[in-house]
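Participant: Assemble chain B onto chain U, guided by the hints.
There are 2 protein chains.
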Amino acid sequence: MLHISIVGTGNVAFHLAQAIADCKTLKLVEVVGRNPDVQGFPVSCSTSFNHISETDLILIAVADKAIANVVEQIPISFQGTVAHTAASVAMSTLGRFENRGVFYPLQTFSKTKALSWNKLPVFLESNTNQAQKHLESLAQNLQAQLYSASSEQRLKLHLAAVFSCNFVNALFASAEEILNTENVPFDVLKPLIYETVDKAFSLTPKKAQTGPALRNDQTTMQNHVQALTDAELRNLYQKLSELIQNQHGIL
Amino acid sequence: MLHISIVGTGNVAFHLAQAIADCKTLKLVEVVGRNPDVQGFPVSCSTSFNHISETDLILIAVADKAIANVVEQIPISFQGTVAHTAASVAMSTLGRFENRGVFYPLQTFSKTKALSWNKLPVFLESNTNQAQKHLESLAQNLQAQLYSASSEQRLKLHLAAVFSCNFVNALFASAEEILNTENVPFDVLKPLIYETVDKAFSLTPKKAQTGPALRNDQTTMQNHVQALTDAELRNLYQKLSELIQNQHGIL
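From first to last, the protein sequence lines are chains U and B. Numbered per the UniProt record's numbering, the first sequence spans residues 1 to 251. Numbered per the UniProt record's numbering, the second sequence spans residues 1 to 251.
Here chain U stands alone, though its shape is the one from the complex (with noise of 0.2 Å):
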C-alpha cells in the first residue's frame, strides 16, 4: 500500500489530503505545512519534516514560488520518490532527488467545494520507473484518469485551463454584477451556462458560437457598450467581440 506525505495545506492538498485518505488503498501518513492550525484535514498537521523519509511518495502542493523553498527541507537522503502538483513549474526543480515526477490534476479547487476525483485527467512526469509507478499507483488509486505531459506540454494545459476556467469564472463574475444592476439573480443564467457547455463538446467551440459579434450585429454591439458604465468592461467586450469576429473570419 502506498504511504503518502503531502507537504502544503492550500486549496489542492486539502482535495489531495480527502481522496487519499477516503481511499482504503491509499495510506495518507501526515500533511507538512507552515500553519499548523488549518482545519477540516483528514490527518493532523505537522510542521516538522522530520517523519518524512518513512514514505513512498511525497506529494509537494504549495504555491509554484515556494516549491523551491520546500525542496530544500525534504532530506537529501529520500528514497522515496518526490513529486509536484504545480502546473507550470519544471520536474527539474526536484533536481535533487533521485526519483521525481509531477502530479498535475487539470481541476479548479476551492476548500469550499467537495469534488470527484472519478475521470479526472492528471497529467504525469516522471525520471524513473519508481517515480512512474508511484504515481501511477496515486493516480489509478483515485480512479483519474491518466495522461503523460512533458513540462512544456504542462504549460500548455495550463494556460488552456486559465482561459477555460479562471476567464471564464471572471466573465461569469461580470455577468452577475451587470445582473446586479437590475436586481435579476445569477441563477437566472444557469441554463444559459450550462447550455453554452454542453453546446461546446457536442459541437466544438467554434461550431457553437452564437451572437452579435459573430452576426457582426453593429447596432447590437454599440447598444451594448454604451449600456455598460464600467470601462474596463466596455474594452472587454470589444477585445472579446474582436477575438470572435477573428476566429471566425469576419471583417
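The reader is advised that the hints may include incorrect statements.
One copy or two, it doesn't matter: identical chains are merged, so the pair holds either way.
[Claimed, not checked] Quick list of in silico lysine-lysine cross-link-like pairs, DSSO-like style, CA-CA up to 27 Å: (1) Lys27 / Lys133; (2) Lys113 / Lys133; (3) Lys119 / Lys133; (4) Lys113 / Lys207; (5) Lys190 / Lys207; (6) Lys111 / Lys206; (7) Lys27 / Lys206; (8) Lys239 / Lys119; (9) Lys207 / Lys133; (10) Lys111 / Lys27; (11) Lys239 / Lys190; (12) Lys65 / Lys239; (13) Lys190 / Lys206; (14) Lys207 / Lys24; (15) Lys206 / Lys24; (16) Lys111 / Lys207; (17) Lys206 / Lys65; (18) Lys24 / Lys111; (19) Lys207 / Lys65.
Think of the hints as simulated: they come from the structure by calculation, not from any bench.
Facilitator: Positioned in the frame of chain U, the structure of chain B alone reads:
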C-alpha cells in the same frame, strides 16, 4: 388553443417552431421566411404574409436589424398579438400593432443542438392584457420560467448573456486552439469546465475564483504570456488577469 405564426427561419425560429409543434396544447399554423427551402421545420415554410391574420400570435424571430422591415409587411389590421424575440430591440418597434409584446428566451440556440424549454427563463414585455395573456400562455405551455423585463432591463440581460455565453464560448475556442498545438483534445477540459460552472452556481463566481491572477503569481503569468504565440491572446490574457485582480481588489 393558441394559434401561432412564426416569422423567421434562423436558430431561434427553428427551436420555437420545434417546441410549439411538439406541444399538444399549442398550434403552429405556419412559418414565414424569405427562404422557402429551409430544412427541418415541422411545418411548411411560406414566403407570403397572406394567412397571418388568422392566428392569435405572430412571433417575429428574425435578426434584430430585419425586424423593422418585417413589421412593415404584416397587415396593420392584424388583431392578434405581434411579438418579437429579440433582446436588444425595444417593444416600441412594434408600435403600429394594437397588441404587442416581447418574448425573450435567455438561451443560446444552434440548429444542430436540441434543447429543452423546461424551466428556461423567458422575459416578457407587453402593452395590453391580451398580449400579456398570449405570451404567458405560450411560455406556460412550453413550461418555461416566466419573468417580466422592460426593454431597458432586457438589454442588460442580453449583455450578461453575451459575457457568460458568447465570450465564454470564445475563450473555450481559444483553449481548444492552445490544446491543439500539443495534440491534446478539447474533451480533456470537460471535468474542469463543468466544475467551474458548478462552483460558480454553488459558491458565487466571486468566491469560486482561483488561478494565478488571483494569487498574483507574476512568475506564472509571465510564463503564460511568453508561451502564447498569438498577440491577440497575449493581450487578452493580460486584460482578463487585470479583470480578476480588479474584481478582487488586488494591486
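Participant: Determine for every hint whether it applies to the structure shown.
Facilitator: Hint check results:
{"no.": "1", "hint": "Lys27 / Lys133", "verdict": "within (16 Å within a copy, 64 Å between copies)"}
{"no.": "2", "hint": "Lys113 / Lys133", "verdict": "neither (30 Å within a copy, 43 Å between copies)"}
{"no.": "3", "hint": "Lys119 / Lys133", "verdict": "within (19 Å within a copy, 48 Å between copies)"}
{"no.": "4", "hint": "Lys113 / Lys207", "verdict": "between (32 Å within a copy, 10 Å between copies)"}
{"no.": "5", "hint": "Lys190 / Lys207", "verdict": "both (21 Å within a copy, 17 Å between copies)"}
{"no.": "6", "hint": "Lys111 / Lys206", "verdict": "between (33 Å within a copy, 14 Å between copies)"}
{"no.": "7", "hint": "Lys27 / Lys206", "verdict": "neither (44 Å within a copy, 35 Å between copies)"}
{"no.": "8", "hint": "Lys239 / Lys119", "verdict": "neither (35 Å within a copy, 33 Å between copies)"}
{"no.": "9", "hint": "Lys207 / Lys133", "verdict": "neither (40 Å within a copy, 37 Å between copies)"}
{"no.": "10", "hint": "Lys111 / Lys27", "verdict": "within (21 Å within a copy, 51 Å between copies)"}
{"no.": "11", "hint": "Lys239 / Lys190", "verdict": "both (25 Å within a copy, 26 Å between copies)"}
{"no.": "12", "hint": "Lys65 / Lys239", "verdict": "between (31 Å within a copy, 23 Å between copies)"}
{"no.": "13", "hint": "Lys190 / Lys206", "verdict": "both (21 Å within a copy, 16 Å between copies)"}
{"no.": "14", "hint": "Lys207 / Lys24", "verdict": "neither (44 Å within a copy, 32 Å between copies)"}
{"no.": "15", "hint": "Lys206 / Lys24", "verdict": "neither (43 Å within a copy, 35 Å between copies)"}
{"no.": "16", "hint": "Lys111 / Lys207", "verdict": "between (35 Å within a copy, 11 Å between copies)"}
{"no.": "17", "hint": "Lys206 / Lys65", "verdict": "between (36 Å within a copy, 24 Å between copies)"}
{"no.": "18", "hint": "Lys24 / Lys111", "verdict": "within (22 Å within a copy, 48 Å between copies)"}
{"no.": "19", "hint": "Lys207 / Lys65", "verdict": "between (39 Å within a copy, 23 Å between copies)"}
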